[in-house]
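Sequences and hints are given; from them, build the entire structure.
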Amino acid sequence: MKSWLRDHARAMRDASGRIVANPMPSLLNVLVIGVALSLPVGLYLGLTHLQSFTRQLSSDPQISIFLGLDADSSEVAAIDQKLRTDPEVGSFRLIPRAQALADLKRRAGLSDVLENLKQNPLPDAFVATARDNRPETLERLRGEAAVWPKVAHVQLDSEWARKLDAALRLGRTAVGILGVLMAAALVAVTFNTIRLQILTRREEIEVSKLIGATNPFIRRPFLWFGALQGVAGGLAAWLIIALAVYLLNRDLAGLAALYSASFRLPGLSLEDAGSLLGFAALLGWLGAWLSVSRHLWQIEPR
Amino acid sequence: MIAFSHVHKRYPGGFEALTDVSFAIGSGELVLVTGHSGAGKSTLIKLIAAIELASSGTVIISGQNLAKLKPAAVPFVRRRFGIVFQDHKLLYDRNVFQNVLLPLQIAAFDGRDAGRRARAALDKVGLLAKEKAMPITLSGGEQQRVCIARAVVHRPAVLLVDEPTGNLDEAYARDIVELFRSFHQVGVTVVIATHDRLVAEQLSARTIHLEQGRVAA
Numbered sequence: 186m187k188s189w190l191r192d193h194a195r196a197m198r199d200a201s202g203r204i205v206a207n208p209m210p211s212l213l214n215v216l217v218i219g220v221a222l223s224l225p226v227g228l229y230l231g232l233t234h235l236q237s238f239t240r241q242l243s244s245d246p247q248i249s250i251f252l253g254l255d256a257d258s259s260e261v262a263a264i265d266q267k268l269r270t271d272p273e274v275g276s277f278r279l280i281p282r283a284q285a286l287a288d289l290k291r292r293a294g295l296s297d298v299l300e301n302l303k304q305n306p307l308p309d310a311f312v313a314t315a316r317d318n319r320p321e322t323l324e325r326l327r328g329e330a331a332v333w334p335k336v337a338h339v340q341l342d343s344e345w346a347r348k349l350d351a352a353l354r355l356g357r358t359a360v361g362i363l364g365v366l367m368a369a370a371l372v373a374v375t376f377n378t379i380r381l382q383i384l385t386r387r388e389e390i391e392v393s394k395l396i397g398a399t400n401p402f403i404r405r406p407f408l409w410f411g412a413l414q415g416v417a418g419g420l421a422a423w424l425i426i427a428l429a430v431y432l433l434n435r436d437l438a439g440l441a442a443l444y445s446a447s448f449r450l451p452g453l454s455l456e457d458a459g460s461l462l463g464f465a466a467l468l469g470w471l472g473a474w475l476s477v478s479r480h481l482w483q484i485e486p487r
Numbered sequence: 386m387i388a389f390s391h392v393h394k395r396y397p398g399g400f401e402a403l404t405d406v407s408f409a410i411g412s413g414e415l416v417l418v419t420g421h422s423g424a425g426k427s428t429l430i431k432l433i434a435a436i437e438l439a440s441s442g443t444v445i446i447s448g449q450n451l452a453k454l455k456p457a458a459v460p461f462v463r464r465r466f467g468i469v470f471q472d473h474k475l476l477y478d479r480n481v482f483q484n485v486l487l488p489l490q491i492a493a494f495d496g497r498d499a500g501r502r503a504r505a506a507l508d509k510v511g512l513l514a515k516e517k518a519m520p521i522t523l524s525g526g527e528q529q530r531v532c533i534a535r536a537v538v539h540r541p542a543v544l545l546v547d548e549p550t551g552n553l554d555e556a557y558a559r560d561i562v563e564l565f566r567s568f569h570q571v572g573v574t575v576v577i578a579t580h581d582r583l584v585a586e587q588l589s590a591r592t593i594h595l596e597q598g599r600v601a602a
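Protein chains in written order, with this note's numbering: chain U, 186 to 487; chain A, 386 to 602.
Bear in mind the hints are in silico, worked out from the structure with no lab data behind them.
From the three backbone atoms N, C-alpha and C, an ideal C-beta is built for every residue, glycine too.
You may find that some hints are simply not true.
[Unchecked claim] Going by beta-carbon spacing under 8 Å, a handful of chain A positions derived as facing chain U:
{"hint": "1", "residue": "Ile436"}
{"hint": "2", "residue": "Leu438"}
{"hint": "3", "residue": "Phe461"}
{"hint": "4", "residue": "Arg463"}
{"hint": "5", "residue": "Arg464"}
{"hint": "6", "residue": "Ile468"}
{"hint": "7", "residue": "Lys474"}
{"hint": "8", "residue": "Leu476"}
{"hint": "9", "residue": "Pro488"}
{"hint": "10", "residue": "Gln490"}
{"hint": "11", "residue": "Ile491"}
{"hint": "12", "residue": "Ala493"}
{"hint": "13", "residue": "Gly525"}
Set out below in structure tokens:
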């Protein structure tokens, strides 16, 4: 066991020495791997964040019932009564048109424009939630409310979020496919790098075999090289994502401020970064293993 | 220790390098394998070191039939030998010390112990002062000595030597041959393949003479 560990330590020193000894090719390889990994990981990160955001919004679906502008207080009270007695309605509240206008002025920073309006263009509205969030219950409530007197429009607020969520799921699948392709590219890059290394170290491999080196002894430095190059590529991807998130957040903050909101893309958590590095190391190791397995048997001393 | 029984070696293309070769070499012996170029000396050394396999017949090393060895076991057989190659087979991107260290790294020796042994081997061949030199800067004779140091550094039971004096002048060749004698004197089995009469005369050891791949009577 001790000698096995010692041999791994030797192989790791050998591999890291070769990376350092050829800085330019190593840097280019690391950059290629970093870009290949950062694309799917960055996109996945953004989509996941957006999806959890939309799920939050759609977790408690609401039905907005907009009345006609000519609805008077008795007609509003009649609808209030209908909602109160409907067994499928969980809760509801009235947003009077005056309050809606005041909220709009406050939230959107449109007070100057709204001040110049001759009359309030917003209707009275009820916002209701159902006792259960099954789509058929919500649809039935919407259908019932739509035919009540003085109701101009009924809207399921969660619908857009559900549509966005479905679109995001499609996006995640696309990112998954991109991720698989990029992972294959990483394996291919490592495979080719190791193939070239084996060719240039052919003599050393032959001599080592002649004096009693086992295949694992010869294989180990190449496997370590692949894994270390993968880790370096993973670190590069982490840096690229961090930089991209920083730049995007700078612009997002400005955009969100225009809507009186705050929205920030999160960077990679330590756990995610660890997974990324581990995954990159695994792919590098796999590429090296495939290459060594493919080429090592062809070198036999004579 | 080393036993050949009716060994034939045919290369792809039909060339028969060895024909019906039988002999035995005991532990601690010094044996010369002689013959002209192409007589099969190098092939015989390669068969002992499991670098080549016999086409027929049996090669037994320390009780193990090499033909029945699993491929994974071959490196461990090779580690029992120290091999001095005709063309040295040094690694030219490593210095002298690193070349000599290689068999110890393969056998997973502890770093400090390995360094001590490598320096002792270099001292034995008189090249300790050149441990940091690159092989390309050494003369042919010095490269041969590095190869010898690498062959003995892990203290093998058997030293296999292929044409040790091929490119050396007479004085240098005598020094090298004396080195092999000194290894034999401390109990190492030494098998030297050579076509050089001077080596045979200097060592006056048991000789297996090959002619066109056969052991001459």
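Comparing the hints with the structure gives:
1. Residue-level restraint check for Ile436/A holds (minimum Cβ-Cβ distance to chain U is 6 Å; threshold 8 Å).
2. Given hint, Leu438/A at the interface with chain U, is violated; its Cβ is 11 Å from that chain's nearest Cβ, farther than 8 Å.
3. Taken as an interface hint, Phe461/A checks out: its beta carbon lies about 7 Å from the nearest beta carbon of chain U, inside 8 Å.
4. Because the closest C-beta pair between Arg463/A and chain U is about 4 Å apart, less than 8 Å, the hint holds.
5. For Arg464/A, the shortest C-beta to C-beta distance to chain U is roughly 4 Å, which falls under 8 Å, so the interface hint holds.
6. Interface hint at Ile468/A: satisfied, since its Cβ lies 7 Å from the closest Cβ of chain U, which is below the 8 Å cut-off.
7. A hinted interface residue such as Lys474/A counts as satisfied when its beta carbon comes closer than 8 Å to some beta carbon of chain U; here the least separation is about 5 Å, so the hint holds.
8. Taken as an interface hint, Leu476/A checks out: its beta carbon lies about 5 Å from the nearest beta carbon of chain U, inside 8 Å.
9. The beta carbon of Pro488/A comes within 5 Å of a beta carbon in chain U, closer than 8 Å, and the hint placing it at the interface holds.
10. At a threshold of 8 Å, the smallest CB-CB gap from Gln490/A to chain U is about 6 Å, leaving the interface hint in force.
11. Because the closest C-beta pair between Ile491/A and chain U is about 5 Å apart, less than 8 Å, the hint holds.
12. For Ala493/A, the interface hint holds, since its Cβ comes within 8 Å of a Cβ in chain U; the closest pair sits about 3 Å apart.
13. About 18 Å separates the beta-carbon of Gly525/A from the nearest beta-carbon of chain U, more than 8 Å, and the hint is not met.
Checked against the numbered hints given earlier, this structure breaks hints 2, 13; the rest are met.
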